[in-house]
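There are 2 protein chains.
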Amino acid sequence: MSENTISRRRAIALAGAGVAGVAGAAAVGGALVNGASAGEAPDPAQGSVAFNGEHQAGIVTPAQDRLHFVAFDVITKDRDRLIGMLKDWTAAAARMTAGRDAGEVGAVSGVPEAPPDDTGEALGLPPSGLTVTVGFGPTLFRDTTGRDRFGLAARRPAALADLPHFPGDVLDAAISGGDLCVQACANDPQVAVHAIRNLARIGMGVVSVRWSQLGFGRTSSTSHTQTTPRNLFGFKDGTANLKLEETDLLRDHLWVRPGDGPDWMTGGAYLVTRKIRMIVETWDRTSLAEQEMIVGRTKGSGAPLGGSDEFDEPNLDAVGADGQPLIALTSHVRLAHPTVNGGARLLRRGYNFVDGSDGLGRLNAGLFFMAYQRDPRKQYVPIQRNLARRDDMNEYLKAVSLGLFACPPGVTGPDDFWGRALFA
Amino acid sequence: MSENTISRRRAIALAGAGVAGVAGAAAVGGALVNGASAGEAPDPAQGSVAFNGEHQAGIVTPAQDRLHFVAFDVITKDRDRLIGMLKDWTAAAARMTAGRDAGEVGAVSGVPEAPPDDTGEALGLPPSGLTVTVGFGPTLFRDTTGRDRFGLAARRPAALADLPHFPGDVLDAAISGGDLCVQACANDPQVAVHAIRNLARIGMGVVSVRWSQLGFGRTSSTSHTQTTPRNLFGFKDGTANLKLEETDLLRDHLWVRPGDGPDWMTGGAYLVTRKIRMIVETWDRTSLAEQEMIVGRTKGSGAPLGGSDEFDEPNLDAVGADGQPLIALTSHVRLAHPTVNGGARLLRRGYNFVDGSDGLGRLNAGLFFMAYQRDPRKQYVPIQRNLARRDDMNEYLKAVSLGLFACPPGVTGPDDFWGRALFA
Numbered sequence: 000m001s002e003n004t005i006s007r008r009r010a011i012a013l014a015g016a017g018v019a020g021v022a023g024a025a026a027v028g029g030a031l032v033n034g035a036s037a038g039e040a041p042d043p044a045q046g047s048v049a050f051n052g053e054h055q056a057g058i059v060t061p062a063q064d065r066l067h068f069v070a071f072d073v074i075t076k077d078r079d080r081l082i083g084m085l086k087d088w089t090a091a092a093a094r095m096t097a098g099r100d101a102g103e104v105g106a107v108s109g110v111p112e113a114p115p116d117d118t119g120e121a122l123g124l125p126p127s128g129l130t131v132t133v134g135f136g137p138t139l140f141r142d143t144t145g146r147d148r149f150g151l152a153a154r155r156p157a158a159l160a161d162l163p164h165f166p167g168d169v170l171d172a173a174i175s176g177g178d179l180c181v182q183a184c185a186n187d188p189q190v191a192v193h194a195i196r197n198l199a200r201i202g203m204g205v206v207s208v209r210w211s212q213l214g215f216g217r218t219s220s221t222s223h224t225q226t227t228p229r230n231l232f233g234f235k236d237g238t239a240n241l242k243l244e245e246t247d248l249l250r251d252h253l254w255v256r257p258g259d260g261p262d263w264m265t266g267g268a269y270l271v272t273r274k275i276r277m278i279v280e281t282w283d284r285t286s287l288a289e290q291e292m293i294v295g296r297t298k299g300s301g302a303p304l305g306g307s308d309e310f311d312e313p314n315l316d317a318v319g320a321d322g323q324p325l326i327a328l329t330s331h332v333r334l335a336h337p338t339v340n341g342g343a344r345l346l347r348r349g350y351n352f353v354d355g356s357d358g359l360g361r362l363n364a365g366l367f368f369m370a371y372q373r374d375p376r377k378q379y380v381p382i383q384r385n386l387a388r389r390d391d392m393n394e395y396l397k398a399v400s401l402g403l404f405a406c407p408p409g410v411t412g413p414d415d416f417w418g419r420a421l422f423a
Numbered sequence: 000m001s002e003n004t005i006s007r008r009r010a011i012a013l014a015g016a017g018v019a020g021v022a023g024a025a026a027v028g029g030a031l032v033n034g035a036s037a038g039e040a041p042d043p044a045q046g047s048v049a050f051n052g053e054h055q056a057g058i059v060t061p062a063q064d065r066l067h068f069v070a071f072d073v074i075t076k077d078r079d080r081l082i083g084m085l086k087d088w089t090a091a092a093a094r095m096t097a098g099r100d101a102g103e104v105g106a107v108s109g110v111p112e113a114p115p116d117d118t119g120e121a122l123g124l125p126p127s128g129l130t131v132t133v134g135f136g137p138t139l140f141r142d143t144t145g146r147d148r149f150g151l152a153a154r155r156p157a158a159l160a161d162l163p164h165f166p167g168d169v170l171d172a173a174i175s176g177g178d179l180c181v182q183a184c185a186n187d188p189q190v191a192v193h194a195i196r197n198l199a200r201i202g203m204g205v206v207s208v209r210w211s212q213l214g215f216g217r218t219s220s221t222s223h224t225q226t227t228p229r230n231l232f233g234f235k236d237g238t239a240n241l242k243l244e245e246t247d248l249l250r251d252h253l254w255v256r257p258g259d260g261p262d263w264m265t266g267g268a269y270l271v272t273r274k275i276r277m278i279v280e281t282w283d284r285t286s287l288a289e290q291e292m293i294v295g296r297t298k299g300s301g302a303p304l305g306g307s308d309e310f311d312e313p314n315l316d317a318v319g320a321d322g323q324p325l326i327a328l329t330s331h332v333r334l335a336h337p338t339v340n341g342g343a344r345l346l347r348r349g350y351n352f353v354d355g356s357d358g359l360g361r362l363n364a365g366l367f368f369m370a371y372q373r374d375p376r377k378q379y380v381p382i383q384r385n386l387a388r389r390d391d392m393n394e395y396l397k398a399v400s401l402g403l404f405a406c407p408p409g410v411t412g413p414d415d416f417w418g419r420a421l422f423a
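Note that the protein sequences, when read in sequence, are chains A and B. Quick note: the first sequence uses numbering that gives the first Met the number 0, first residue 0, plus one each step. Quick note: the second sequence uses numbering that gives the first Met the number 0, first residue 0, plus one each step.
Rather than coming from a laboratory, the hints here were simulated on the basis of the structure. One or more hints might be untrue.
Same chains, same label: a pair holds when it works inside one copy or across any pair of copies.
[Claimed, not checked] Straight line, CA to CA, 25 Å or less: simulated SDA-like cross-link-like pairs of lysine to any residue: (1) K397 - D357; (2) K76 - D357; (3) K397 - G355; (4) K76 - R284; (5) K377 - A387; (6) K86 - R284; (7) K397 - L328; (8) K377 - A157; (9) K397 - L170; (10) K377 - G341; (11) K242 - R376; (12) K397 - G358; (13) K397 - I174.
Isolated chain A (complex conformation) (with noise of 0.2 Å):
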């Protein structure tokens, strides 16, 4: 056990049952991680990723395994009261990140008589590699009415454009956009969880959670030290992701630069959220060979057709023993690739999902979508309008939610706060 695990099961055992709660935490000493029982080799997935930085940490962090994703809206008109909140989920998010409690329960308001100010399903859990990421979205800087709530309208990037609508979009409202965007990835899913929930918790009377999306089994690798997962087609997903090693892409594709826009933003990053449908059962009912033929690559190893590795380059002009391309046209591997999107670039953190059942006999399942970058107008609209024209693939999805947000830089010490130089 780390000392941050100590701290997050010492701050309530203070506030508990006196004696009788301190030694009753001692007991939980071999805490339950991950089915892990007392005593094994620490897991590098448990460890903590550091909060502070130039960039938000959860964007070319090793992508985690599970996700929770929350939209808010903010209820208040008062700035003060949303720059306090700011603060306030700055300073908890650090010490979550770092496998503590969201709040000093023991010292500041932990006594009996006041609600804890931690929720408490992560005690003695380990920090599980948790990263909290916030993002702004459009209608911070003027509501759907052309409102100016916070005086943040000038301040608002032109890349923070609404995005345009896609044929075969078939978007709900109360699941799309919001005013801020909190991401929790972790390896346990009750570390992600317990991070929103205590972000919800503290910002009551000013956000209310608007959409909410649990994700579990990435569907893409952020570093060349993770294979790549699947996603629920059963293909290998994400394959030419950019990669955290790949500074000079990641500075090209990625990070918002001097001059780009506002200097507010210098340093962070754009993220589009599209929650996809997939009619997973439809497609199961689909030969393996037109399966393959969709995507553009082998459903086995995730090499493009034609090649014999996963991360053999995609040789878009081979054409088969009938003269046909042998990764179609319309696959979906020709049609987002850079060469052919003016050399776009994401850099994706997708999570497959399944929300239960639709009502209609099937499982509602499918792709999560997330991805950041420098500025939507030249990467994913781009990407997407192809995609949505043209991609063998839409027959299978529904896209049912959309996101966007401006995500800040990092914060680099101890007063400074998410959304700092926004509100400067």
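Given chain A, work out where chain B should sit, using these hints.
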């Protein structure tokens, strides 16, 4: 990597792009699992659980960390098709439990012109402790119109009596009941989802998904080797649960015995599922002292009030300085305790859930309660009646879904299948 995992990978490779597919699949050897990278020591949470046995796996099996539960409606009128599907399910579940694909992709129908016999999203993943457990609902024996659809009405156990209505329940019929259920538990959600999804695929035309539930962070330990996890109220849950090591108690309280009812259920158990929405936002505004009084335990250690250790027996007679019981008369621990329920006990296997948000600014979160037992009329019903009437916790709970299923004994040999004795 185990031989089983290689089998799972090899099967699709054979059905894929020939040599290229095999080479690519081999490159996945150091498979991605729970964020662990290639070359690490094997994790026991990734191993396999025996499928065959006197009892079904997934009941006393040390509770895995993730759940995918599904209830099906039978949509065929053809008894033989139903039996055929149960045979196919049994074979597929045995394979998947061992870390293999759901069907012989390469050998049987694995030509590119046929849909694959496995959906592929678990390729390269280890068995991950998968168990698949099946149950039969009351409506399989006689549907809601009283019709005996499959000639099973006379074989319905008396213990599979329709559950009474409890005060405060606001059940949604669309996510309650079901003719069949399948519980898939694993330490990787992608593996649990893969199992359910492939059984649904195999059952196409015979069954239709009625409702489905994902869970994480199990709320009960079923073995002395496991520490007690926490529910979303932040409290340890299931401390007094039946454990697999308590064979005498399991004989009395869990497994159906000869003479209890129809022979086909001997060695089985009855499952009650209850999806309980927890109003966590209200709970989080409740003082620590009140939370502990409602639960009857200390939040930090999980010790019963007045005790010092989680596993101390609650002293229901102890009174404080004010002359009031230390464990309140309306506390959850007291009302659920065997001594106030005629000795009735349950084997619980619940899971936490978060299903997005509720459209009212709150997380849709709670407990998917699952309890196995020898006779619900003598166990779940009296305990729940007691809780429904008096439990202070009810103010923060809302039951939205209920299910009851007769889970037959285990499969014991190659010709055996789920429900063989029922349909004999």
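Exercise. Against the structure, test the hints numbered earlier, and report the numbers of the ones violated in rising order.
Key: none
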